[in-house]
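*Asks:* This is what each chain is made of:
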Amino acid sequence: MFLNHFEYFAPKTPAETLELVACLGSKAKILAGGTDLMVVMKAKAISPDYLIDINGVEEFKGIFCEQGKGAVIGTNTKLAEIQFSEAIQAKYPALAYAAGEVGSSQVRQMASLGGNSCNASPAAETPTPLVAMDAKVVLSSILGERELPLEEFILGVRVLDLAEGEMLTKFVLPEPKLKSACRYAYMGRRDAMEIDCVNMAVTIELEDDGEKVKNIKLVMGSVYPRPLVSKEVTALLVGQKLSDQLIEKAAEAAQGEAKPIDDIRASAEYRREIVKVLARRLIKEAYTDAKGV
Amino acid sequence: MEKKVLKSKWNLTPEGWNLEGVPSSQDEKRYTQVGRSVPRIDGPIKVKGEAIYTGDMTLPGMVYGKIKRSTYAHAIIKKIDCCKALKLPGVLAVLTGDEAPNKWGIVPQAANETVLAVGKVRFYGEGVAAVAALDEETAEAALELIEVEYEPLPVLLDPFQSMERSQEVLIHEDSKGNIMHAGEQVYGDVDKAFAECEYVLEREFHTNYPQHGFLEPHSALASYDTQNGQLHLWASSQIPHYLHRQMSIVLEIPMNKIRVTLPTIGGGFGGKGEAAPSEFVACLLSRKVGRPVKVVYDRQEVFYTNKGRHPCHMKVKMGLDKDGYIQAVDFDNTLDKGAYSGWGIVVLFYTASMIHLPYKVPNARFRGRSVYTNKPSTGAMRGLGGVQPRWALECLMDEMAEMMGISPYELKLKNAIESGHTCINNMFVPHSEFKKCLETAVKKSGFLEKQGKLPFGKGIGMAGGYYITGTAYTLYQNYKPHTTVMIRVDTEGGVTLLCAAAEIGQGCNTVMAQMVAEELGIQYEDVHVQSGDTEIGAFDLGSFASRLTYAAGAAIKMACVEINQSLKETAAGMLGVRADQLVIKNHEIYSMYEIKKRISWEKAIEVYTSINGTLVGMGNFSPPRRKGIDIISGNRVQGANIGHSPTFGFSSQVHEVEVDVETGRIYVKKVTEAGDCGTPVNPMCVDGQVEGSIMFNIGACLYEDQKLDASGKHLNPNFHDYKTPTTMEMPEMDTNIVESYDHSAPFGVKETGEGAVQPTFPALTNAIYDAIGVRFYTLPITPEMVLKALKDKKEGEL
Ligand SMILES: Cc1cc2nc3c(=O)[nH]c(=O)nc-3n(C[C@H](O)[C@H](O)[C@H](O)COP(=O)(O)OP(=O)(O)OC[C@H]3O[C@@H](n4cnc5c(N)ncnc54)[C@H](O)[C@@H]3O)c2cc1C
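If you're matching them up, the sequences are chains S and G in order.
According to the numbering used here, the stretch in the first sequence is residues 8 to 300, in order.
According to the numbering used here, the stretch in the second sequence is residues 20 to 817, in order.
With the rest of the complex left out, here is chain S (with noise of 0.2 angstroms):
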């Protein structure tokens, strides 16, 4: 129930932050909402030597998001600030709201976007949607930045691409090409403080005809140790017109490609039917809202 001895450090800069990054390497561990941290570190399940609370350091904060241009969200900004944005409401609406599923109000008040993926929890919100909106994260350190994809950042539980010295800064979304949508949804006992046993979604894009599939992402979180891009729908779905008949067959494949545990939350064979569900069911809606575009 308590923490252990640590030291803390609360940079007020990004050089500072990433100086300290860089000198207390694995040893340390980065204060972001600390809504995991504490869990886990009370828990005794780790027991860092140094924290480095980044909630000083006003550059890891904030939604930049210009017509046209995408938008760029800060590390530390706070799930409740993109549940709430306008500007990601109406651009990315999945994100919005991913972001307002997670936890419980007080939660969101302090969890922030970057330590939902960095926490990297199979079961997490916002990562599915990022990644079927091909998000970018970006990674910094003393010698300089560099960006990867989402899905590639994550590697399984609790694992990351993230090499010693290094800090998540900054999440980079491309803008939502004409014709498209990104939908989510999830599936869990209630609809407040829930780890889902399923989560999922599906980025739609058209032909110029707007009919035939051009592009088409489906994520699945929590039924592999990390957000799971599935290859056969997009195989099956790409250069097709949408039929029932082809939406029921993607949400089996999909299914198929699904590996889920049982646990506590839910039986594999659950988990896996529900994926069904969930596939067939974001896949109609993410169609239609394309087409309505």
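Think of the hints as simulated: they come from the structure by calculation, not from any bench.
Treat each hint with caution, since some may be false.
[Claimed, not checked] From chain G, some residues computed to sit far from chain S (all C-beta separations above 12 angstroms):
1) 138
2) 156
3) 158
4) 170
5) 217
6) 318
7) 341
8) 418
9) 604
10) 685
11) 721
12) 738
13) 747
14) 748
15) 802
[Unchecked claim] Okay, derived cross-link-like pairs now, DSBU-like style, lysine-lysine, Cα gap no bigger than 30 angstroms in a straight line:
16) S/291 with G/477
17) G/813 with S/291
18) S/256 with G/807
19) S/283 with G/688
20) S/291 with G/807
21) S/186 with S/219
22) G/106 with S/51
23) G/812 with S/291
24) S/283 with G/726
25) S/68 with S/36
26) S/51 with G/726
27) S/248 with S/221
28) G/336 with G/195
29) S/36 with S/19
30) S/256 with G/688
31) S/298 with S/221
32) G/807 with G/688
33) S/291 with S/219
34) G/812 with S/266
Computed from a predicted model, the values in this text were never measured in an experiment.
Yeah, the Cβ is synthetic: ideal placement off N, Cα and C, and Gly gets one too.
Chain G with the ligand: place on chain S using the hints.
*Replies:* Here is chain G with the ligand on its own, set in the frame of chain S:
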């Protein structure tokens, strides 16, 4: 002289309480304080976060206690080595079970718990040792240094397995067959009645293992004065008296050396209705180190030691004659007791008495057994003993109505009891508006227009229920009054009610203030309430069995008789009229015939106290004793006392659900409830209790279940994995208080805190059946179960 006054008080009949000449029920305008939705006395400080809970308290020199918990569900303790822990700087003392071996338990005949395990552990997480240290961190570190050697024993987690393997392993040496208690109650000729029935149906039902989910964990702060041997315990408890009594047994010090005080309590729902090891450990450690010791559980410890609802494995059989009148009920119940007895015998026989109401049952048979398993003990949980059988019976009746081709409403209304009903087991119901509850809920929800007619996936279901209002005897079989209150009136302190009632969040302090104000003819804001203290207040059994409003109401009425009489006599002298012609109302004392003859209530107090000093009234409540006694023979009858109560509350609910037939998720859309709580002393509090009750059991019906792995380790000992519904899952609620007045009850009151939990399981289960055509006999009804059932159904239809 003194004796005479007392004697006349004891002879009061309920009707005689109203000395003003008009029975209260005939004068609707009589109540000015009772029946008002006044704000809760404890509301503002709680909303502002200023209420002081045990965990908030510190005393000079206070240290911290923590408990080391077993990592086996069933094992012999070979050795406990505390040497290393004692050497840790900051550790003041350690405690092991053999230092306090006296058994405690709320039902003395079956008390079998010790403060910490002695010789053997019987569930995962049971306390094996405790430490006191200067700070919590050191205490926690010290626990790690205590070395315990175990010899594991077979772990029995299922009651049937436990009975089966009892030759091989006993959980308690003195409980043969691993059965805590078994019992049978037969009334009438059940087999003959079944033989003559037109419709007979038998089903098996299995309930789950939920726990209370109160917010404030068990907390205790004890201060033992080594100079004078006085012990003061602040604790988060529903039962200061029973705690007081058991503390005396365990510590072997007289009760008059112990004082129990309740700070603000953050909920109980039955889970604080027994003493807790935290309380004993705090007291024992404080005595050992001579400093105040605080013990506050974390959530995991609450789960490990919780005394949640008994899983029940029930076989229920019911027979109806050709017109649908119930002729017989046969009920067999196997209860999962967990590791220790606690409330066990009471719960066993409560389930037995639940078959006798709220429908007329002329022949009834009960066979039951409560079986030990290596799990956290089960105990009292809101609606104790009622929820499980109610679920089974109301679902069974729904099915039987279908068999007969009539509406379940018709079947239930036809069999519903009315005022003045005596059950075959001698339970007496002085007053019932149950039929009105059924009618109101059905009419307001449009049940008859909807049932069986909604599209697939949507459904509506109904159920009735009842619960006791009070209890028949003290658990240690002494027929002393169950509640005593003292009301003090003077010019300095105004009016103060002193009692030991436990305000656990249910609102009893507010309701008691309203009742005192009503009786004394003043405003509820004028009444100070000092409750929850065994030294300041007089005797009270505690907050359980939905007893407080009734019991405190009766005692308050009696205490006020004395006060009003003294004031009337004082005023009579001042006004020159007869005392028995005076009325006290709205801070005034006036003649009911010459309304100009009046003085202010405060003036009368001033005059009275100038002559006599402070005015004090004492009042008592004893439940009527004929319950459970055969009136003709005078003998105790089977089922005596348990389940009997002075009066009963009733409720009926209609639930409307939508089932997502693809994901299996059940959405409760609307609940229409109608309750007979007698006079609602505070209608707002009643609504809160009823809405809370419904949500409480929607949780246990659809969401909540404690899970253990094969070794008995708790898999979801936190609110992260043990899922209760949130406000997002709260349905639209239409709760209705039906017009009701129980003449036998003080102010006409009954219960409201536990009756409304009773119909929730069956109304929901019946609604799910209406939605998807599947009847469930196991709880909780999860999305996975729904999907599987739908799949099975589809395959069955092919
Ligand atoms: C009551 C409760 C309910 C919750 N419900 C949900 C839920 O429904 N869904 C869900 O997904 N999560 C949930 N969580 C978990 C948590 O709130 C989220 O994952 C949240 O987004 C984490 O963000 P944070 O800012 O609090 O992260 P922190 O706890 O501060 O950090 C999490 C981890 O990421 C690391 N980290 C943070 N920022 C960076 C960075 N910029 N670079 C490198 N590493 C970094 C930290 O060192 C730490 O290891 C819940 C937590 C609680 C307490």
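*Asks:* Starting from the hint list further up, note which numbers the structure goes against and sort them upward.
*Replies:* Hints 2, 3, 6, 10, 11, 12, 13, 14, 15, 30 are the ones this structure does not satisfy, whereas the remaining hints hold.
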